[in-house]
Amino acid sequence: MFEQHFLILPIVLPLMAAPLCILLGQRQLAWLLATLVSALSCVISVNLLYAALDQGVLSYAVGGWAAPWGIEVRMDAASAMVLSLVTAISTLVLIYAKASIEKEIDSSRHTLFYTAHLLCLTGLSGILSTGDAFNLFVFLEISSLATYTLVSLASDRRSLTAAFRYLVMGTIGATFILIGVGMLYMQTGTLNMLDLADRIAQSGPSRTLNTGLAFILVGVSVKLALFPLHMWLPPAYTHSPSAVSAFLASTATKVAVYVMVRFIFTIYGVEYVFHNMGMDLILLLLAIVAIFKCSFMAMAQSNVKTVLAYSSVAQIGYMILGISLASAAGLMAGLLHVFNHALMKGALFMAVGAVLYRTGSVDIKAFRGLGKKMPLTMAAFVIGGMSIVGVPLTAGFVSKWYLVTAALEQQHWLIAFLILLGSLLAVIYIFRVIEAAYLKKPDESAASKDIKEAPMLMLIPMWVLALGNIYFGLDTTLSVAAAESAAQWLTQSSMSVGGGQ
Amino acid sequence: MAELINLLLLGMLAVTALGVVFLKDLFAVVMLFGIYSFLSALIFVNLDAVDVAFTEAAVGAGISTVLMLGTLSLTGRQEKMSGHKTLLPLLVVVTTGAALIYGTLDMPPFGNPENPVHQHVALRYIQDSPQEIGLPNMVTSVLASYRGFDTLGETAVVFAAAIGVLSLLGLPKQDRAAIESGLESHLVLKVVAKIIIPLIILFALYVQFHGDYGPGGGFQAGVIAAAAIILYALVFGLPLATQVVQPGLLKALAALGVLLYAGTGVASFFLGGNFLDYNVLAADPVAGQHLGIILIELGVGITVFAAMLSIFYAFASKAERKNIQ
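Going down the list, the protein sequences come from chains A and B.
According to this note's numbering, the first sequence is numbered sequentially starting from 1.
According to this note's numbering, the second sequence is numbered sequentially starting from 502.
In isolation and in its complexed conformation, chain B is listed as follows (with noise of 0.2 Å):
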């Protein structure tokens, strides 16, 4: 049954890029992306890997979407028609996805217990993450603290992605005299979204904490308390937005989330362990590795949600100006 619910989802996976690839209006092309991300996010599910299904839904479906949005009102809705040959680059995908077939002809047989994936490095995370680190969820185990470099890296993929659009767009000035709203006339939109956004929120806090326990962490966290902000500024507009939260100090935000991870492996020296050693942070071993945990996850949180969001406000400004221009 999973089987057939999975070449299902595939089926729909590849009718939705076809449908990237032949579709002009771009609005539409960002929708089908978004349709795309949630497909994969289903996927992920059936295959029981449900922190990656809520990041890729969170962040693929979610964030992105608005993002890319974002630029279509700074661009335009219609693709260009591109005057390059399409031969020789048709030529290359069909060599990629040939070479791509070829290597799944030795590949380890799907899902079975005996694959090289399942015997070596998991095994011993599966066995004695339990005693080591103490968590109910062993993936928060693996990318916090096993693999923490990892995500130490990929929070400043995070930073430096968010001073590469801020380098380029720059950030809104706080402008308190022209308050002016984007959907004014909407109340039902108003109302709703006061009562959806402190939920948001609350959620957003939720997944930040429980993410030792249940799916998730500070990226779907961060994400999700972005997005809370990212309505709040649809709604009621980008200057109410930024008086709330401030562009300067989601700059100084992004800044401090990468400065606690580091700084946390850094505590980790003068207590005598490695870099992003944890058990030395507290007198117990398991104590010590929840304490670290939970700060690098608080500290990836607060990077996500100050990177996504000023992204998101360096490419509303700029639709703004051009709006207004």
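With the rest of the complex left out, here is chain A (with noise of 0.2 Å):
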């Protein structure tokens, strides 16, 4: 009886066990609920990723009033795509959260840990399902304040700076997205996404829809973390718990990332902001900056969680890159690249906060010899960092071999070549925790300590996303069919909207 509920399940199911965490009030309980409710989510979101494929699009209306009068719910191939990203990996993260957080969060906190998480990924599911822009704003606000809170949870107190300076951050980003939608609804009277695309394509571009598209832009790039907005990430990710830094790596950006797709394309449409507006150039200049500036920055750090922040950076530039080429295939290797990021920075972050679970540091010096003592641990890490840098056979080289072809249909040789020069640069920091792993011997001091490998809950989680990157890597019948619907419906919808005129 449920099936028609689907689409709103895996907002109303977290939505509904976070509060159930507060009344459980014990831990073990709460953390059981959190991961059930999650996998469920997961399950239902595949299920909606398979349903969207066969049938384009999936609309609900929610309390039964028709959009554009009330909100609706609605799942094509993008949403349902990342949808079932966040929701396996916000599975995969609170397996391996039991463990990592009993050393890195204080045991009177789990429950608010667990809490705090479920409302992250409701709010993250209704930012993917809704077709509504101001619902969006809602939802991007649950998840905010949750992400806040879990970065600060860590006994590390400079985690607590770190939210503060996010939370500036990612307020202003919000309010930002805030005064473009308004100015939105102060132009067509109307909320509905389709309603909305629709209605600008009547009205042709105003400086009052210019304004509004500039505030959302650079809203969502605070958000994302676009090249020069991002000056909170690598502390956020740095100093939160790690079980944090890996759910929050590998799926808030990338929300963020799905949020600008569906502004640029669903509702504003390509037309009006490339075209019109010239956006493309300033993103794909943003994104090229990006990749360089943070894959240095990436390779001057000590600190390997700082390391892999700085990647991330750096990474959410391939992705706009994708974006910016205002193409089918373009968007198509960004989405997918979307999908693959989250896989490598998963598994990479998680077997960083094994290492700091046995070690207590996650000092690159920490990682010495620890190719022989947490060989697991290790081999994940080789994994997670050969799909950073696309060594064939690993999701990442999917993405860039997709993201080079995209550049290079458009002709845009110095672009592939960028791109190519980019992973180069990976090579480099990712190598420098793999030599210290494998080649260097450990202190004097670190040698007699006994260094165990990370505990069963930790390593399943980390090598089920391992695995993933080769997988993906492999057979890409699903992610790039995906991606390759996603990326023909959104251009698709964007180009007759559009061209209807």
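Hints listed in this document are in silico derivations from the structure and should not be mistaken for laboratory results.
Predicted model only: the values in this text are computed from it and were never measured.
Among the hints, erroneous ones may be present.
In the BS3-like style, the derived pairs of lysine-lysine whose C-alpha atoms are separated by at most 27 Å in a straight line are [to be verified]:
1) A:K440 - A:K365
2) A:K103 - B:K819
3) A:K103 - A:K449
4) B:K586 - A:K293
Chain B residues, not near chain A, derived (Cβ > 12 Å throughout) [what the hints assert, rightly or not]:
5) L505
6) L511
7) L519
8) L543
9) N547
10) L548
11) T556
12) A562
13) V622
14) P631
15) K695
16) L703
17) D778
18) A784
19) D785
A virtual CB, placed ideally from N, CA and C, is assigned to each residue, including glycine.
Each chain sits in its own coordinate frame; assemble them with the hints.
Below is the structure:
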């Protein structure tokens, strides 16, 4: 009987489980509930993905009110793909978190951690599912508030400054998005995304709409940490609990990329954003600077979590680069990289979290000799790292391949070359860690310490993601089909609205 | 005339904002924030948006001021000199302001009934909501039913904020031994508070259940009820207040409010409707709408009350602990 409600369940399930965690009040039970709910949402989302690939688009009228008067929940291949990814990562992270947070979060706050995690999941699912621009903002606020909480939970006091910084930047970003949505509403009288698209196409460009777009793009860029608005990200990912770093790095910024895609392709349309406003050039330049500047920054860090954080900003550059190519192929490559990068960064942050769990440090010196002492963890790190670099047979190779092809399709030789050059930089910062783990001898003091392999509950989710990197590098049927269908759907709808006039 | 009043109020708003920027005494800044909110509330009244004005006055001027004062009691009242360079931030602010002004150039003329906002979605709310939902207050119809999903999200935002503050500061432990009054000797305050507090609570209940007919609803009611207990805590001391409304109970209440709201939505599943479709809750759709709206407004009220009060408790207990040290 619930099948017709599948679209709303990935939002409602975690939303109801979050307060239940508080009522249960017991951390083991809260963990169990959170993990089960997350897994159930994941099963439903994958179901929706197949339905969306099959039928194109699914729609659900919340409250029984038809759009645009009521709020519509709407799922196409793009949203279903990212939703499946987010719920899957959330489930794996929760399994991982049980052991991981023992050492990083004070035990009296574990229930609050699971509650905040579920609230964050609610917000992310809501953003991905909704077909309403203001509703998207509401869910963005839920996920953001929960994220700030998650970052601040670490017992490391520096996490407080990091969370505060993130809060200030994130709130400014959210306010910008709200101002933009307000301008859209002022000019069109509607908030439903499809209705907005229709009315924007009818009314044509105006200063109010231009300003609205500018505010939305800047606001979303803060959220997705596009260079130079990324300053909040490295401290937030470095000082938050490892489970949180793994979750945020592989979901939160990805969802923000999705929001940007939604506003550009579904609401305003390619014609408006890229041809009238020339946003493609700005995004392209920022993306390329992000790739290089942040890859160099990643090389200079000694804290491995900071290395990965800067690498994330650089990798976000690739996604935005794909979007800025303004073609179906580019968008598809960007979306594919969203998916693949989540697999890589999830595995990498989990591996680093396991090192922190056993050695108490994430400094590159702590990695010395770990190749022998924690062979499984470091092997997972190597796989994730190779995927970041884009070594063939890994997921990272597939998305880089499509990115280069998309650039070459438009004869952008220089861009294609820069993408490859960026991968070489990734080799350097990833290899520094691998070198320490396998080739360097540990310090005298560290050598005597008895360091064991990470516990099973941490290894399993880590390896699921690591193997995911290999699986989606070999068998691209699902990921490529989803990204292709998503890109086609997005560019088609945006072309047809623009072309209908 | 209305425009003249608006201009005057907007001018005062600008002056207040400048005061906030230039003053270094944070206590005065917090007071100016309160004035800013009241001025905004007046503008909203002048625009006939009484529901918004009500919320702005209750949340912006009321509870926010108390919470910010709570923060000041933890941090100190003088602004620290910042070592940042001001040129780049100034440039960013000026650019943003210029962009906003540029955006208004094509804006639909102020107050014109032909504007898109009055001609598209809103038209249906005005024409059909009396039959479809049957409430005289259309604002409640829109926020509780047509866009009830947004309001559920907002309730979750309030809940998330409470979770955030609790994880940072924690709730006070109930300590029956150390009952001490904050304002022991102020007899007048105590007597006045004792007279006022029951009235405030009564008013909160009125606002809660009258939201369908006039301005009001769960958000305002929750804040007003929390204000009553906060007043009690300020006059009679936090330990006594935590005996009246226990911190543990508040945490559960905040969770229950969200569950009540979402649960009402899920109940529609079992009665054959979509999520939050109140039509199916009773035999007659309009009666169903009414029942649904009362339930979800109650959920909002409970969560807002519990969240606001537990945030206050968290700040106040931290401040008390600091004073003891």
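Against the structure, the hints:
no.: 1; hint: A:K440 - A:K365; in the structure: 9 Å, holds
no.: 2; hint: A:K103 - B:K819; in the structure: 25 Å, holds
no.: 3; hint: A:K103 - A:K449; in the structure: 18 Å, holds
no.: 4; hint: B:K586 - A:K293; in the structure: 23 Å, holds
no.: 5; hint: L505; in the structure: 23 Å, holds
no.: 6; hint: L511; in the structure: 17 Å, holds
no.: 7; hint: L519; in the structure: 20 Å, holds
no.: 8; hint: L543; in the structure: 21 Å, holds
no.: 9; hint: N547; in the structure: 19 Å, holds
no.: 10; hint: L548; in the structure: 14 Å, holds
no.: 11; hint: T556; in the structure: 16 Å, holds
no.: 12; hint: A562; in the structure: 20 Å, holds
no.: 13; hint: V622; in the structure: 5 Å, violated
no.: 14; hint: P631; in the structure: 15 Å, holds
no.: 15; hint: K695; in the structure: 33 Å, holds
no.: 16; hint: L703; in the structure: 28 Å, holds
no.: 17; hint: D778; in the structure: 4 Å, violated
no.: 18; hint: A784; in the structure: 16 Å, holds
no.: 19; hint: D785; in the structure: 15 Å, holds
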